[in-house]
Structures are given as structure tokens and as C-alpha cells.
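Please model the complete structure; the sequences and the hints are all you need to start from.
Note that UniProt numbering gives residue 55 to position 55 of the sequence shown, counting from 1, and the numbers run on in steps of one.
What the hints contain is simulated information worked out from the structure, not anything from laboratory work.
Backbone N, C-alpha and C fix where the C-beta goes; we use that ideal spot for every residue, glycine too.
Hints should not be assumed to be uniformly reliable.
Listed next, with one range per pair, are the computed distances between beta-carbon atoms [claimed, not checked]:
#1 Leu46 x Met73: 31 to 37 angstroms
#2 Cys97 x Glu122: 16 to 22 angstroms
#3 Cys97 x Ile40: 18 to 24 angstroms
#4 Arg16 x Leu68: 29 to 35 angstroms
#5 Asn60 x Trp20: 27 to 33 angstroms
#6 Met73 x Glu122: 24 to 30 angstroms
#7 Gly103 x Ala33: 28 to 34 angstroms
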Amino acid sequence: MILFCRRWVNSLQPARVTRWGGMISTPDAVLQAVIKRSLIDSGCPLSIVNELIENAHERNWPQGLATLETRQMNRRYYENYVAKHIPGKQAVVVMACENQHMGEDMILEPGLVMIFAHGVEEIL
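Structure, rendered in C-alpha cells:
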């Protein structure tokens with residue numbers, strides 16, 4: 001499972017977020033469904049798709065991202081995330097297996113999805 005997950009993550013393009021303030025912390029069901037379809041289409045293991053989508057909402061985020069205030073305080077750490085672009089979307093996946101260097105208050109198992117209004121770029 002871990003190997004399959006790593007293989008999928010490695011197939012995604014690295015991403016840079018240029019506008020962290022554009023993060024959508026409470027995506028509605030329609031937006032979550034669109035991102036879920038993109039994850040599946042990109043080859044995301046079906047065993048983790050639902051968990052990743054649940055982790056796209058701030059109610060499930062780790063302590064360091066849990067509220068607007070903590071997100072603003074911790075914004076300087078965001079550049080340290082290893083983020084991968086979800087193809088065709090203004091969204092990234094931040095997998096725990098690639099972010100062991102981050103504090104446990106900044107990451108979730110197996111990972112989390114961050115959706116943005118704008119500001120996601122692939123690193124070529």
C-alpha cells in the first residue's frame with residue numbers, strides 16, 4: 001500500500017502555491033466531488049481517496065491549520081511543504097510520506113488536500 005501510494009505521489013507534478021490566502025478551508029460537497037474525481041483520475045489509490053477528501057476541510061485539519069488565526073501565524077512554514085499538483089485543479093495534495101520534516105501539528109496521515117481560489121503553479 002505504501003509503495004503504491006508513493007508511486008502515485010511521485011507521478012504528480014511538484015507544485016508551488018503563490019497565494020496561500022486564497023485557500024478554501026470549507027469546500028462544499030460539489031467542490032469536494034470535483035477534486036475527488038481528479039484524484040481518482042490521477043491514479044490515487046482508492047483506499048485513501050475518501051480520507052484525503054475528508055482532510056480537505058478545516059474541521060479535520062491538524063492543529064497548526066485548524067483555525068484562521070493559527071493559519072495566519074503559521075503561514076511562514078507553508079513554503080516548507082512538499083506539495084503536489086492535483087491535475088487540472090487549483091489544488092494540491094500534501095502527503096505525510098513526503099512531509100516528515102514538518103511538525104506533527106502541520107500534517108495528517110495519509111495526507112491532506114488544499115484547495116485554492118487561485119495561485120497554484122506546477123514547478124517544471
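Results of checking the hints against the structure:
1. Here the CB-CB span from Leu46 to Met73 is close to 36 angstroms, well matched to the stated 31 to 37 angstroms.
2. Distance hint check for Cys97 and Glu122: the Cβ-Cβ separation is about 20 angstroms, which falls inside the suggested range of 16 to 22 angstroms.
3. Roughly 19 angstroms separates the CB atoms of Cys97 and Ile40, a value that falls within the hinted 18 to 24 angstroms.
4. Our hint of 29 to 35 angstroms for Arg16 and Leu68 is violated, since their Cβ atoms are close to 22 angstroms apart.
5. In this structure the hint that Asn60 and Trp20 lie 27 to 33 angstroms apart at CB is violated, the actual value being about 19 angstroms.
6. Checked against the hint of 24 to 30 angstroms, the pair Met73 and Glu122 passes, with Cβ atoms roughly 28 angstroms apart.
7. Gly103 and Ala33 have their C-beta atoms about 31 angstroms apart, which keeps the hinted 28 to 34 angstroms range intact.
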